[in-house]
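*Asks:* Chain order of the listed sequences is A and B.
My numbering applies: residue 1 is where the first sequence begins, and numbers increase by one.
My numbering applies: residue 1001 is where the second sequence begins, and numbers increase by one.
Rather than coming from a laboratory, the hints here were simulated on the basis of the structure.
Predicted model only: the values in this text are computed from it and were never measured.
Covered stretches of chain A, going by a simulated chain B footprint (3 or more residues, C-beta under 8 Å):
hint: 1; region: 29-42
hint: 2; region: 76-82
hint: 3; region: 215-224
hint: 4; region: 235-247
A few chain A positions that, by computed beta-carbon distances, are all more than 12 Å from chain B:
hint: 5; residue: 104
hint: 6; residue: 106
hint: 7; residue: 109
hint: 8; residue: 117
hint: 9; residue: 123
hint: 10; residue: 252
hint: 11; residue: 255
hint: 12; residue: 257
hint: 13; residue: 277
hint: 14; residue: 278
For glycine and all other residues, C-beta sits at the position ideal for the given N, C-alpha and C.
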Amino acid sequence: MLALVLLGILFLAVAAGVLGSLLGLGGGMVIVPGLVLLFGLDVHLAIAASLISIIATSAGSASRYARRGLLHLRLGFFLEVATAVGGLLGAVLTAVVLVGPVGTTVLFLIFAVVAVSAMGLVLRDLRRGGVVEPAPDPVADRWRLHGEMPGEGSVPARPFRVGRVREGLALSLVAGVASGLLGIGGGLYKVPAMTGLMGVPFKMASATSSLMIGVTAAAGALVYLTHGSVPPLVAAPVAVGTLAGTTVGTRLHAVASSRLLRMVFLAVVLVAVVFMVLRGLGVTSVA
Amino acid sequence: MSAAGPSAQDPAPGPGVDVSRLSVRLGVLLRAGVVSSAVLLALGVALTVGLDPSLPIDRTLDLGALGTWGVSTPGIVLTALGFAVLLATPVARVVVSLAAFARAGERDFVGIVAAVLVVLFASVLVGLWA
Chain A
1 MLALVLLGIL
11 FLAVAAGVLG
21 SLLGLGGGMV
31 IVPGLVLLFG
41 LDVHLAIAAS
51 LISIIATSAG
61 SASRYARRGL
71 LHLRLGFFLE
81 VATAVGGLLG
91 AVLTAVVLVG
101 PVGTTVLFLI
111 FAVVAVSAMG
121 LVLRDLRRGG
131 VVEPAPDPVA
141 DRWRLHGEMP
151 GEGSVPARPF
161 RVGRVREGLA
171 LSLVAGVASG
181 LLGIGGGLYK
191 VPAMTGLMGV
201 PFKMASATSS
211 LMIGVTAAAG
221 ALVYLTHGSV
231 PPLVAAPVAV
241 GTLAGTTVGT
251 RLHAVASSRL
261 LRMVFLAVVL
271 VAVVFMVLRG
281 LGVTSVA
Chain B
1001 MSAAGPSAQD
1011 PAPGPGVDVS
1021 RLSVRLGVLL
1031 RAGVVSSAVL
1041 LALGVALTVG
1051 LDPSLPIDRT
1061 LDLGALGTWG
1071 VSTPGIVLTA
1081 LGFAVLLATP
1091 VARVVVSLAA
1101 FARAGERDFV
1111 GIVAAVLVVL
1121 FASVLVGLWA
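This is chain B alone, in the form it adopts within the complex:
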């Protein structure tokens, strides 16, 4: 414990999470997720527009009706996959963090991080219901 009091880098009573190491690991995860999603999105949109340049710019995505995009369906499927990877990236960040706090025995932060995961899951349900 430093002279200024406890810090985020000090471990909890007991082992505690190595915050620096977790931070680096999360950075790698975030980068991998966002780069792969960007590739999928770029390819998907290019293919979609290439297959059907007459598409309206403001047409919305219905995940249950991807086949209704006609000839551009392969492109929109790739684009939807890109969105899925992009949205999964912060979720994966939360899951990895949850596991790290659980392994370190920090039950209070396991609860905090689990609550975030519950809210994200609720968002999916609310969108489907609304």
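Bound-form chain A, shown alone:
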């Protein structure tokens, strides 16, 4: 029976890994609701297990994007300070503050709110038809944050300017808190922040987000692990499964269109919102 449950968790994780690597997310938006609703796991443990797996997703995806020159390292490091702080804060909130029946209900509702807000950010980006061109930003100049999208095939390399760095940092902090709080990578905020605010092309934003979520998740996961809140029999198959999923997902990333990726993102998040609201209102798990 335990072996069957572990296989089911593994399958869930593979699916989450595919989606996560395609969208620059950590798959947590699929894993946490899946573990809670399908396997009856306590949401705090699901969040801890999800954060562990997000590190695997990040490393697996980012290692492939690195070879293709899609990682904007300077911008990634710059924003990571904010996301790492946020990840630590979010994990403390979930592990220590939001406990018990009331805290758990609050967690579910926060998940729904975060997901809806992320959908709004992506929709705003979609209506603009893609990447914005921000106004000149002296902070970006000072820290050498402008970049160049590498050429692919007949498409030449394209330089771009980064702007609205302060807003990007603020949103990165929020992304980090969401990560530690809810067991997600925070990419659902980071990617729209980089494309819709800062002017980074979507594929580079998605790839850079994949790199950043590893550190963000590590900041939260270290809190859970040293606090004794990680269920190893769940976290291990989730980590292995998401890694397998990213192997498939990153191969699809090269041929998938940016617009299609964002549409898939919206559909996935909408499903997660529905399930988590139902759970927060007292709908029991399927298992």
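We have chain A already, so just place chain B on it with the hints.
*Replies:* Using the frame of chain A, we list chain B on its own:
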């Protein structure tokens, strides 16, 4: 410097980090870390469950009490090692980057990357304290 202004690929005043080369190096590091951790985790869980199939799925890991897992202790030790390698991977990525920026003389980014390392270290302390 390109016509669009300074870019991430342009070196800082002075030598500057070769971002492309660092990126490839980090990719190799990340891949090695995640693959080795996945092997340890897969073997660890398989051994744990094989030694004791009656374990509850939601039992949590106390790093200071691995011996309390009874007959499945060897498996859980392997699993814990897998988690350690996995968590060390992004940390190692930060450390390698710190060294690269330091060698290139980019003190501003040394500060940025060092701040990330401090936060990760603080996470360990906070978890122990909480």
